[in-house]
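Please model the complete structure; the sequences and the hints are all you need to start from.
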Amino acid sequence: MELKKTKKDLVCGIILALFSALFFSQTFSIRKTSLISISSALFPQISAVILAAASLVLIIKSAKKLHDAKNETDAIRENLEESELSRKQAIYVAISFVILFVGLFVMERLGFVYGMFLYLAGSLLLMNRNRGKKWWLYLIISVVTPIVVYLLFNRAFYLRLPPGFLDIGGGLL
Amino acid sequence: MILEGILNALSLECLLAIVGGVIIGIIFGAIPGLSANMAVTLCLPLSFGLDPATGMVLLVSLYLGGISGGLVSAILINIPGTPASIATCFDGHPMAARGEAGKALGVGILSSFIGGLFSILILIFIAPVIARLALKFGPFEYAAIGAMSLTLIASLMGKSLVKGIIGAALGLLLATVGSAPIDGALRGTFSISALSSGFNIIAVMIGLFAVTEVINAVEDSVKKGKEQIIQNVRIKGFGVSLKEMLGQKWNILRSAVIGTFIGILPGLGASTANVISYATAKNQSKHSEQFGTGIIDGIVASETSNNATIGGALIPALTLGIPGDVTTAILLGALMIHGVQTGPLLFKTSGVLVYTIFGGLFLANIVMLILMFLGIRYFSRILSIPRTILLPVVMVLCIVGAFAINNRMFDVWCVLGFGIAGYFLNKVEIPFGPIIMGFILGPIVELYLRRAVMISEGSLLPFITRPIPAVALGIAVLLLAFSAFRTIKTRK
Numbered sequence: 001m002e003l004k005k006t007k008k009d010l011v012c013g014i015i016l017a018l019f020s021a022l023f024f025s026q027t028f029s030i031r032k033t034s035l036i037s038i039s040s041a042l043f044p045q046i047s048a049v050i051l052a053a054a055s056l057v058l059i060i061k062s063a064k065k066l067h068d069a070k071n072e073t074d075a076i077r078e079n080l081e082e083s084e085l086s087r088k089q090a091i092y093v094a095i096s097f098v099i100l101f102v103g104l105f106v107m108e109r110l111g112f113v114y115g116m117f118l119y120l121a122g123s124l125l126l127m128n129r130n131r132g133k134k135w136w137l138y139l140i141i142s143v144v145t146p147i148v149v150y151l152l153f154n155r156a157f158y159l160r161l162p163p164g165f166l167d168i169g170g171g172l173l
Numbered sequence: 001m002i003l004e005g006i007l008n009a010l011s012l013e014c015l016l017a018i019v020g021g022v023i024i025g026i027i028f029g030a031i032p033g034l035s036a037n038m039a040v041t042l043c044l045p046l047s048f049g050l051d052p053a054t055g056m057v058l059l060v061s062l063y064l065g066g067i068s069g070g071l072v073s074a075i076l077i078n079i080p081g082t083p084a085s086i087a088t089c090f091d092g093h094p095m096a097a098r099g100e101a102g103k104a105l106g107v108g109i110l111s112s113f114i115g116g117l118f119s120i121l122i123l124i125f126i127a128p129v130i131a132r133l134a135l136k137f138g139p140f141e142y143a144a145i146g147a148m149s150l151t152l153i154a155s156l157m158g159k160s161l162v163k164g165i166i167g168a169a170l171g172l173l174l175a176t177v178g179s180a181p182i183d184g185a186l187r188g189t190f191s192i193s194a195l196s197s198g199f200n201i202i203a204v205m206i207g208l209f210a211v212t213e214v215i216n217a218v219e220d221s222v223k224k225g226k227e228q229i230i231q232n233v234r235i236k237g238f239g240v241s242l243k244e245m246l247g248q249k250w251n252i253l254r255s256a257v258i259g260t261f262i263g264i265l266p267g268l269g270a271s272t273a274n275v276i277s278y279a280t281a282k283n284q285s286k287h288s289e290q291f292g293t294g295i296i297d298g299i300v301a302s303e304t305s306n307n308a309t310i311g312g313a314l315i316p317a318l319t320l321g322i323p324g325d326v327t328t329a330i331l332l333g334a335l336m337i338h339g340v341q342t343g344p345l346l347f348k349t350s351g352v353l354v355y356t357i358f359g360g361l362f363l364a365n366i367v368m369l370i371l372m373f374l375g376i377r378y379f380s381r382i383l384s385i386p387r388t389i390l391l392p393v394v395m396v397l398c399i400v401g402a403f404a405i406n407n408r409m410f411d412v413w414c415v416l417g418f419g420i421a422g423y424f425l426n427k428v429e430i431p432f433g434p435i436i437m438g439f440i441l442g443p444i445v446e447l448y449l450r451r452a453v454m455i456s457e458g459s460l461l462p463f464i465t466r467p468i469p470a471v472a473l474g475i476a477v478l479l480l481a482f483s484a485f486r487t488i489k490t491r492k
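So the protein lines, in turn, are chains A and B. Just so we're aligned: 36 in our numbering is position 36 of the first sequence, and the numbers increase by one with no gaps anywhere. Just so we're aligned: 145 in our numbering is position 145 of the second sequence, and the numbers increase by one with no gaps anywhere.
Because the hints were derived from the structure by calculation, they are not lab data. Treat each hint with caution, since some may be false.
[Unchecked claim] No more than 25 Å apart at the CA atoms, straight line, and that leaves these computed lysine-lysine pairs for BS3-like:
id, chain 1, residue 1, chain 2, residue 2
1, B, 427, A, 61
2, B, 223, A, 88
3, B, 427, A, 4
4, B, 489, A, 5
5, A, 7, B, 489
6, A, 5, B, 427
7, B, 223, A, 8
8, B, 427, A, 7
9, A, 64, B, 427
10, A, 88, A, 5
11, A, 61, B, 489
12, B, 348, B, 136
13, A, 64, B, 159
14, A, 61, B, 159
15, A, 4, A, 64
16, A, 7, A, 88
17, B, 489, A, 64
18, A, 65, B, 489
19, A, 8, B, 159
20, A, 88, B, 427
21, B, 427, A, 65
22, A, 61, A, 7
23, A, 65, B, 159
24, A, 7, A, 64
Here it is as structure tokens:
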């Protein structure tokens with residue numbers, strides 16, 4: 001478990017170091033003015049350098065830990081059951097991000113109520129798949145929640161949420 | 001004049017405005033994504049139809065209710081209702097998770113009340129003196145205090161110093177996206193025009209906290225199959241004994257002072273105060289290792305300080321006409337619309353109105369205590385709803401909150417982006433506190449640093465020669481050294 005964590009730290013350090021390098025390189029294209037002696041690029045550059053330095057420390061620490069891991073069996077001990085669970089978790093996490101993406105995409109194109117109906121229906125079914133067959137309850141929540149939220153914010157607080165493409169009920173549907 | 005103002009605040013119209021304002025404020029504060037700012041902004045047109053005193057009392061009640069309500073979702077679902085309650089999550093939710101939700105809420109409500117009361121009393125009795133003192137703070141002082149706060153948070157928030165620094169640096173980098181302060185040069189936009197105004201704190205907070213919480217629930221649903229629901233949340237009174245609260249007296253006093261002081265300083269506000277107070281309480285505590293496991297010290301520090309910023313932010317706003325944050329800027333705008341001239345002469349020209357606002361704020365704090373106390377058992381019932389049903393519904397409200405920032409989908413897409421990033425950062429235990437604080441404090445430090453250098457014509461010497469910046473930077477260096485020493489000692 002510890003070994004797995006160290007590997008994660010190593011990968012994280014590398015990604016963050018690359019991210020800081022990308023950001024640092026971007027600062028060279030920042031427009032310079034003679035208004036102030038401190039350039040607009042300085043602060044992002046300092047931040048990128050701090051991030052790069054801290055990431056480098058993380059990389060070195062993790063690499064050293066991995067190198068020092070005397071007991072090779074640690075790696076093997078990560079039992080199959082656990083990695084199977086992680087794989088399953090990763091799939092469900094990916095699905096929930098896809099559901100959120102689809103919900104937001106539909107919200108932008110077709111309207112708030114449609115998008116949030118899809119998001120709620122998808123998420124509730126995914127997260128409650130072990131909870132028995134209560135699909136009717138999830139369906140009611142998925143339909144009622146976006147409608148109530150839309151009407152509340154649209155009518156009471158005059159917040160124009162993305163209107164429905166059919167333009168029925170003052171943008172509700 | 002003081003008595004007349006307080007009597008005005010006790011009128012039926014004002015009392016109705018206070019109760020209504022506090023209730024709406026609490027609801028806005030408790031729903032992640034909606035904030036005290038939003039409550040005040042959305043109800044601003046409503047105040048125009050009222051007389052100036054009632055209208056202003058309504059707005060300050062919304063402000064107080066909004067800041068106070070944030071603790072509810074922070075404790076119950078681990079998603080801060082507003083940025084002012086970020087640190088409340090750290091100990092509030094672990095307490096709720098082990099069946100002490102009522103106690104955590106009770107401690108949070110009491111702390112909010114005491115913090116609010118402290119700063120309101122300061123506002124009523126010594127506001128002009130403090131405001132004049134705050135005026136002595138120049139760009140060097142602000143930049144140094146900002147840097148010190150950031151160091152304090154980066155070095156104390158996470159389990160690892162390196163990861164804390166990574167978090168703070170990430171926050172700083174994200175904050176630089178958009179227009180630079182003073183000269184408006186575009187940075188880090190990667191030619192995306194929507195990024196020219198940068199990322200919004202609400203979108204960052206929802207992405208990191210709310211989306212990550214939803215994804216954690218998805219993971220748990222794979223791991224456990226069926227989750228355990230905490231149903232028996234019985235509570236007597238506030239759920240906390242007088243002895244326990246008295247044991248927090250120094251924590252309360254320190255946090256109230258920090259909150260009021262930070263509230264006075266323009267730009268910082270409740271979102272910074274709660275995390276700084278939490279970090280300071282952790283630093284001063286004899287059992288700092290217990291912070292984050294669910295102890296009342298963390299809730300007391302966070303909730304006392306965020307409510308203490310309310311009175312603090314009103315001090316420069318009402319005595320000098322300088323708004324400390326967005327909400328006080330809106331309040332000043334509302335005063336102007338009502339034909340009241342703000343500035344140092346406000347107490348002379350509209351003394352009764354000012355004291356009516358003070359009286360209204362004082363009463364709103366009491367109303368908040370009563371309403372939240374009555375609500376504890378109902379708030380706690382939220383925990384009886386399975387998280388797998390509750391969280392997707394909360395997410396819909398978060399999306400509304402993100403959309404409401406600028407009425408555009410871009411901020412909602414940012415929520416998804418920060419959610420994905422937050423999920424991976426959470427996996428590698430990079431704390432969110434320093435990221436948020438880097439994001440909030442970064443622009444402040446940069447703005448004042450650039451102003452300072454403009455004033456001193458390029459010299460950085462005043463950072464050492466002026467007492468406050470020198471002390472603040474000295475503390476920052478010592479904090480880093482202390483944290484590094486502690487890390488090395490722990491490893492040995």
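Structure-inconsistent hints, enumerated in ascending order: none
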